[in-house]
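> Take a look at the letters that make up each chain.
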Amino acid sequence: MLAQLREVTKRYVTTEGVRDLTLDIEDGQVLGVLGLNGSGKTTALKLLAGLLFPTKGEVTVLGGPPRKNRARLVFLGETDELHAWMTPYDGERFAAGLYEDFRPERYHELLDFLEVPRRKTKAMSRGERGRLRLAMALSREVKLYLLDEPLAGIDLLSRERILTSLVREWHTDATIVLSTHEVAEAEGLFERVVFLRDGGVALDARAEALREEGRSVVETFREVLS
Amino acid sequence: MRGFATLLWLEYRRSRVWAAALLGSLAFWLWGLNQVTVSDFGERAGIRVAILGVAAAVGLVVLCFMIGRIRGETRRGQYQILLLTPPSGYLHILARAIFALGVGIVYYVILGGLLWWVAGRAGITPGTGSVLQLLFAGPFYGIGAILVPFLSWTLLLMVFLSAFRLSGPSWIPGIVMVAGTPFLFRWISEGIFKLSYSLPAWSMFGGFTRLIEEAEIETEIMITTQGALVPQEPLWIMLALSVVMLVIAGRIWQEVEG
Amino acid sequence: MTQAFLIVLRLMALALLGYFGYRLWMGTRSWSTRAVAFVFTGALAWQFIAGTW
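As you go down the protein sequences, you meet chains A, B and C in turn.
In this note's numbering, each residue's number is its place in the first sequence (first place is 1) plus 1467.
So that you can map any letter, position 165 of the second sequence is 161 in this note's numbering, and since no number is skipped, the others follow by simple counting.
In this note's numbering, each residue's number is its place in the third sequence (first place is 1) plus 25.
Everything labelled a hint here was simulated from the structure, so no lab data went into it.
Quick reminder that beta carbons are idealized off the backbone N, C-alpha and C, glycines included.
Watch out, some of these pointers could steer you wrong.
Claimed, not checked - Calculated Cβ distances over 12 angstroms to all of chain C for the following chain B residues: (1) F146; (2) L153; (3) R161; (4) E229; (5) A236.
As the list claims (entries may be wrong) - For lysine to aspartate or glutamate, the following EDC-like pairs were computed, each having C-alpha atoms within a straight-line distance of at most 20 angstroms: (6) A:K1610 / A:E1483; (7) A:K1589 / A:E1545; (8) A:K1535 / A:E1608; (9) A:K1587 / B:E69; (10) A:K1523 / A:D1665; (11) A:K1589 / B:E69; (12) A:K1535 / A:E1567; (13) A:K1523 / B:E69; (14) A:K1523 / A:E1483; (15) A:K1610 / A:E1658; (16) A:K1535 / B:E251; (17) A:K1589 / A:D1622.
Build the full structure now, drawing on both the sequences and the hints.
Structure follows, in structure tokens:
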């Protein structure tokens, strides 16, 4: 088991991000975490990344506490931002200097594929900044990628192209856990989908099993959350 | 060490405008010193020394603001990226402290040079030993006893505030730490003054005693004909406190949620 | 009269400090942060109780 959440509750001051959440993530899986806003997707991914600590329960990633293993995973947060003065070159300097698993040649390929402009992030649109962060994240060769709404702010046509390529070409045999509230994008992409509702798992299903039952991810999403 | 070099580079890129502005302000202080044209020798020296005192205080404030921008980084989502980088919280804190210290050393050594210029204008030409003390020993003492503790306190305050980002407004921890600091500082200072100093005092600035007298600089430090007798204990105590604050700040960084 | 007023003022300050201390304790899971909060809250509490005004 690559990562586990065991009956994890995360309490904020007046709310709970997740409640008694149990989730096992297997090696080499491409897992989609779907849910409405406020369902606990970001909290779950941040707990796996070690950015949050559980109020109750246990989180294990790559055999230990996530924060201790932070060098061996990639977390791409929806609200994370690079410094405004950073250019893609600075991003390379930053990542290459801190991460041994950073691959510069892959980074340059991704910058071209994602059409990232070569200027400071303060002169980029939100979507362009997101693409740059995505390029930096995917240029690291790790076993676990945790991507929280990685395509937020990116236009619709680009999203489809990038997401398909991300899952089919760039991840090789690593594990990807990707959260999105654009459920339609999940069709045909994920091996397994987990639907979160009110901080807990509403449904955890293999995509193949859903297809055999003649159900699409979108239909299942509507059923589970209605 | 590779990661630490990158953190230093990051700090340099993040703060270079502040550093350049601070070091550039030295031209302003030099211009200000040149504008003092009172005829009385002692008064002239006194005003110039006071200007340099203001410059020293401004430098302290600017350096603390330069490294104390973690709250802005937290709001803009940059801090969360740094929390998950491989280097430990201790290295992150150390990189920020060392960069600010480096800028501070350049600034205060040059201020020491400006004081030498003021002394020269007052007709004082001390020996090489005294000049070297003015340029290096004095600033380093001030850096160790005053700047380093202030920088450490600022870093501790910033990470302390960041620890409460998810639980509510940061003005509560801000008020508690800022309001509590003067009392703690007073108790520490009183403790330092009550110590019977056992280490030998350093005799400094022997060639500048005339400047100290003419400029009527008031100080608790004993001035003799050989120079100022500067006690060692306050320096070592403040440096030790700074190390404690930096270690705690690094520890908090490791435990903070993003 | 002044003494009574000062005593009431100190008690109110201590009550507010107690509330701040509770918020700080509950607001983080970091024990290092809690230790720092305890030190500064303690310094303020000591000043309110035993310090001269």
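> Next step is simple, just say for each hint if it's right about the structure.
Now for the hints, and whether the structure bears them out:
With a closest Cβ-Cβ approach of about 16 angstroms to chain C, F146 of chain B is found to remain outside the 12 angstroms limit, as its non-interface label requires. Some Cβ of chain C comes within 12 angstroms of the Cβ of L153 of chain B; the nearest lies about 9 angstroms off, and the non-interface call is violated. Look at R161 of chain B: its CB is around 9 angstroms from the nearest CB on chain C, not clear of 12 angstroms, so calling it non-interface is violated. Its beta-carbon lying about 22 angstroms from the closest one in chain C, E229 of chain B satisfies the requirement of being farther than 12 angstroms from that chain.
Every C-beta of chain C lies more than 12 angstroms from that of A236 of chain B, the closest at about 16 angstroms, which supports listing it as non-interface. Between the alpha carbons of K1610 of chain A and E1483 of chain A the distance comes to roughly 29 angstroms, so the proposed pair goes past 20 angstroms and is violated. Restraint check: the Cα-Cα separation between K1589 of chain A and E1545 of chain A comes to about 17 angstroms, which is no more than 20 angstroms; the hinted pair holds. At roughly 18 angstroms between alpha-carbon atoms, K1535 of chain A and E1608 of chain A fall within 20 angstroms of each other, so this suggested pair holds.
In summary, the hint linking K1587 of chain A to E69 of chain B is supported, as the alpha carbons are separated by about 17 angstroms, within the 20 angstroms threshold. A hinted pair counts as satisfied when its Cα atoms are at most 20 angstroms apart, and K1523 of chain A with D1665 of chain A qualifies at roughly 17 angstroms. Restraint check: the Cα-Cα separation between K1589 of chain A and E69 of chain B comes to about 14 angstroms, which is no more than 20 angstroms; the hinted pair holds. Of the supplied pair hints, the one linking K1535 of chain A and E1567 of chain A holds, its CA atoms being roughly 16 angstroms apart against a limit of 20 angstroms.
Only pairs whose Cα atoms come within 20 angstroms are accepted, and K1523 of chain A paired with E69 of chain B is rejected, the gap being roughly 29 angstroms. For the hint pairing K1523 of chain A with E1483 of chain A, the CA-to-CA distance comes to about 11 angstroms; that is within 20 angstroms, so the pair holds. For the suggested pair K1610 of chain A and E1658 of chain A, the alpha carbons sit about 17 angstroms apart, so the restraint of at most 20 angstroms is met. Between K1535 of chain A and E251 of chain B, the direct Cα distance comes to roughly 11 angstroms. Compliance with the 20 angstroms bound is thereby established for this hinted pair.
For the hint linking K1589 of chain A to D1622 of chain A, the alpha-carbon distance of about 19 angstroms falls within 20 angstroms, and the restraint holds.
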